[in-house]
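Under the UniProt record's numbering, residues 1 to 134 are what the sequence shown spells out, in order.
Calculated from the structure, these hints are not laboratory results.
The reader is advised that the hints may include incorrect statements.
What the hints assert, rightly or not - Quick list of in silico lysine-lysine cross-link-like pairs, DSSO-like style, CA-CA up to 30 angstroms:
# : residue 1 : residue 2
1 : LYS134    : LYS53
2 : LYS66     : LYS113
3 : LYS53     : LYS66
4 : LYS53     : LYS113
5 : LYS66     : LYS134
Stated by the list, open to error - FRET-style restraints, in silico, Cβ to Cβ:
#  : residue 1 : residue 2 : range
6  : ASN30     : HIS57     : 36 to 42 angstroms
7  : GLY77     : LYS134    : 39 to 45 angstroms
8  : LEU71     : THR22     : 15 to 21 angstroms
9  : GLY33     : ARG91     : 19 to 25 angstroms
10 : ASN32     : VAL89     : 21 to 27 angstroms
11 : GLY128    : ASN30     : 28 to 34 angstroms
12 : SER103    : VAL68     : 18 to 24 angstroms
13 : LYS53     : THR13     : 20 to 26 angstroms
14 : ASN32     : VAL79     : 31 to 37 angstroms
Model, not experiment: these values are computed from the prediction.
For every residue, glycine included, the Cβ atom is placed at its ideal position computed from N, Cα and C.
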Amino acid sequence: MGLIDEDMDKDPTPTGELALQTLAMPRDTNANGDIFGGWLVSQMDLAAGIATKQVTHGRSATVAIKNVEFLAPVSVGSVVSCYAEILEVGRSSMHINIEVWISNSLTQAVQRKVAEGLFIFVAIDDNGRTRRIK
Numbered sequence: 001m002g003l004i005d006e007d008m009d010k011d012p013t014p015t016g017e018l019a020l021q022t023l024a025m026p027r028d029t030n031a032n033g034d035i036f037g038g039w040l041v042s043q044m045d046l047a048a049g050i051a052t053k054q055v056t057h058g059r060s061a062t063v064a065i066k067n068v069e070f071l072a073p074v075s076v077g078s079v080v081s082c083y084a085e086i087l088e089v090g091r092s093s094m095h096i097n098i099e100v101w102i103s104n105s106l107t108q109a110v111q112r113k114v115a116e117g118l119f120i121f122v123a124i125d126d127n128g129r130t131r132r133i134k
């Protein structure tokens, strides 16, 4: 008899804390009628920025976006939820993993993951210069 993986029977769930939730609207579509990838990345960036506020207690700015993967299209009317997990905090920078999950109460009851990416932020002062994280 082999080992039973208890997680095999569970539905996947988001990693991190809910940082941003919004509704995908018709004005955010691309030429194919799906939500534009650039709009989705902007929501992810906003969510990462919100998450950094807990760490920096002040201003911060995006310095890099890495490994963004779009796993499935997003339809108009989907509730878009961005979950943030702070992976690393350095002297002045932070690495934040963002997962995007959608749900649509008309077509599905459960959430499903549609995108993920790593966002790197740096704490800045009032003059826009890098500062130490307190």
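Status of each hint after checking the structure:
1. Taking the CA atoms of LYS134 and LYS53, the gap is near 11 angstroms; set against the 30 angstroms cutoff, the hint holds.
2. The straight-line distance between the Cα atoms of LYS66 and LYS113 is roughly 18 angstroms, inside the 30 angstroms bound, and the hint therefore holds.
3. Between LYS53 and LYS66, the direct Cα distance comes to roughly 20 angstroms. Compliance with the 30 angstroms bound is thereby established for this hinted pair.
4. Straight-line distance between C-alpha atoms of LYS53 and LYS113 comes to about 25 angstroms, which keeps the hinted pair within the 30 angstroms bound.
5. Of the pairs offered as hints, the one joining LYS66 and LYS134 holds, with about 25 angstroms between alpha carbons and a cut-off of 30 angstroms not exceeded.
6. As the Cβ distance of ASN30 to HIS57 is approximately 37 angstroms, the hint placing it in 36 to 42 angstroms holds.
7. Judged by the Cβ atoms, the range 39 to 45 angstroms given for GLY77 and LYS134 holds: they are separated by roughly 41 angstroms.
8. Distance hint check: the CB atoms of LEU71 and THR22 are about 18 angstroms apart, consistent with the given range 15 to 21 angstroms.
9. Separated by about 45 angstroms at the C-beta atoms, GLY33 and ARG91 break the suggested range of 19 to 25 angstroms.
10. As the Cβ distance of ASN32 to VAL89 is approximately 39 angstroms, the hint placing it in 21 to 27 angstroms is violated.
11. At roughly 33 angstroms, the beta-carbon separation of GLY128 and ASN30 lies within the given 28 to 34 angstroms, and the hint holds.
12. For the pair SER103 and VAL68, the supplied restraint of 18 to 24 angstroms holds, since their beta-carbon distance comes to about 21 angstroms.
13. Take LYS53 and THR13: their Cβ atoms lie about 24 angstroms apart, and the range 20 to 26 angstroms holds.
14. The given range of 31 to 37 angstroms is broken by ASN32 and VAL79, whose C-beta atoms sit roughly 21 angstroms from each other.
Against the hints set out earlier in the document, violations occur for numbers 9, 10 and 14.
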